Amino acid sequence: MTHNQTTSNFPQDSDRTVANPATNPLVACDNVGLTFPGPVQALAGTTFQLQRGELVSVVGPSGCGKSTLLRLIAGLIANTSGQLQVAGQSAIQARRQGLQIGFVFQDATLLPWRTIQDNIRLPLELLRVPRSQHADRIHEALELVGLQDFARALPSQLSGGMRMRVALVRALVTHPELLLLDEPFGALDEITRQHLNEELLALWQSQKWSGVFITHNVYEAVFLSQRILVMSPRPGKLIADVPIPFEFPRTPELRGTAEFARLAAEVSLLLRGIAT
Amino acid sequence: MKFSLRSVIQWLGPPLGLFLLVLLGWQFAVSFFRVKPYLFPSPWMVLQAALERQQDLTQALLLTGAAASLGFLSSLGVGFVISLAFSQSAFVRRSCYPYAIFLQTVPIVAIAPLIIIWFGSGFRSVVIISFMIGLFPIITNTTTGMLAVDHRFLELFEIYNASRWQLLWKLRVPNCVPFLVAGAKTSSGLSVIGSIVGEFFVGYGSQSHGLGYYIMQSSGQLKTDLLFAAVLTCTLLGLTVFVLVNLVSQFVLQRWNTP
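Chains as they are written, first to last, in the working numbering: chain C, 1 to 276; chain V, 1 to 259.
Worth double-checking, as some hints may not be accurate.
Partner residues aside, some chain V positions facing chain C, computed with beta carbon under 7 Å [said to hold, decoys possible]:
id: 1; residue: 56
id: 2; residue: 84
id: 3; residue: 98
id: 4; residue: 156
id: 5; residue: 160
id: 6; residue: 161
id: 7; residue: 164
id: 8; residue: 166
id: 9; residue: 255
Computed footprint of chain C on chain V; a stretch qualifies when at least three of its residues, placed anywhere within it, have a C-beta under 8 Å from a C-beta of chain C [stated by the list, open to error]:
id: 10; region: 149 to 155
id: 11; region: 222 to 235
It should be emphasised that the hints constitute simulated quantities derived from the structure, not laboratory data.
All values derive from a computational prediction rather than experimental measurement.
Yeah, the Cβ is synthetic: ideal placement off N, Cα and C, and Gly gets one too.
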């Protein structure tokens, strides 16, 4: 087995990281857990690091706390045990101190009363980016996904795939350092999903953000990531860290290779092993 | 929306046809059974009374309409501001909401005389009564709209460290618009009722006379034909307000329509 399978404590192998090992990891989780009063344990001790520039997927069964992990990193909720550091400080501090984070939700989460360009403008408004820069940034963002002609359309006039593209570039319009994606393509058909996977990878290669991608689709995870973190059912914790060694840029043909199939099967078995 | 002649006929044809049928039946029944005019005047007599007092009724219509509009617009404005406050603090909401409900449950007829004692026997009191009766639907609907924000939108705003002010004006207020419009539909109708009820109490002491005054006066004098004419004029006012508010709401809600 090429992957590193552990139970609760999860050793870091520095040889796997792509970024300069001398710099601090962007996200460092050390035995991070979350228990809601009740008590309901949403996340058991989770340990992993995200290096700068890395793109990592997290797969796991429904309700295992994948989304919770993402919200912890975004500083939307606070962990109740362990240590979570983002850019060397607590997640909330990092965000408040100006670490640019992009968050893509399960569905597009566009404000229905705003046009496409005004939806993309929202983060700029909230972060008080000078108005003079808005037009250029919005144009740049729309160009990334080829939706220039829809700038003045309303979200209700777009297809699901187009809405998701808008949500993606809305998250990128602030030039984030960290992009958090919470099963963004789960509701799309397979072909649209594959297209968006390829577009997302191209954006990652050109823009060099760090990304955490939550999904329950094994193929998507293998195609997109440099490594895959596998989570156990609730209360979720990391049980495996599978490196995906394919070179970038990755082309659609990669999905047809034997190695791709082997890695997907391996991750599936890890997930199934959990489920049974 | 297209207003072709064909579509107008399709829309208005059936209800107008029914209306004419009822008028004919009414006229026939009254003549056939020789009903006394002070009990139930024929449509023809009502029309005559309406034409005879055309000027008075038109003035009354305008006056009552003005009172209802002012009452409605102030309940819209004041209700919105109260909802802004309610949306900002659960404490304020908990403290004030019972009194908002009190406003709704106390019969407006019961406090109308009190308002007249305080604000005089005139137009001002009518507007205030109309305002009070229209206020509650605005408060409940708008507050609900400001609080019923999808939690993912809240998270989205939180990601960008949105201030309370940004959250209010860029999320809660636009989110409440469809709710506000729904409240406005209820409230506009109530405001018309409020102004007529107000005039029941105010009318006699007032210099100018609204529709409520003519209803009371003609009822007291058993001028049933004038009473009918006044009631129909009230209906006309209510219908106008209904159509206007619906047109405005359709225009406003274009953006909020999700497929």
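Cross-check of the supplied hints:
1. Restraint check, residue 56 of chain V versus chain C: the minimum CB separation of about 46 Å is more than 7 Å; hint violated.
2. Below 7 Å, beta-carbon pairs count as interface contacts, and residue 84 of chain V has none with chain C, the closest being about 18 Å; its hint is therefore violated.
3. Taking 7 Å as the C-beta cut-off, the interface hint given for residue 98 of chain V is violated, the closest approach to chain C being about 29 Å.
4. Nearest Cβ of chain C to the Cβ of residue 156 of chain V: about 6 Å, under the 7 Å cut. The hint holds.
5. Hint on residue 160 of chain V holds. Least Cβ distance to chain C is approximately 4 Å, under the 7 Å limit.
6. The beta carbon of residue 161 of chain V comes within 6 Å of a beta carbon in chain C, closer than 7 Å, and the hint placing it at the interface holds.
7. This hint is violated: residue 164 of chain V has a C-beta 12 Å from the nearest C-beta of chain C, more than the 7 Å allowed.
8. Interface hint status for residue 166 of chain V: upheld, as the beta-carbon distance to the closest one in chain C is roughly 6 Å, under 7 Å.
9. Given hint, residue 255 of chain V at the interface with chain C, holds; its Cβ is 5 Å from that chain's nearest Cβ, closer than 7 Å.
10. Residues of the region 149 to 155 of chain V with a Cβ under 8 Å from some Cβ of chain C number 4, which satisfies the need for three, so the listed coverage holds.
11. Counting residues of the region 222 to 235 of chain V whose CB falls under 8 Å from any CB of chain C gives 0; the rule of at least 3 is not met.
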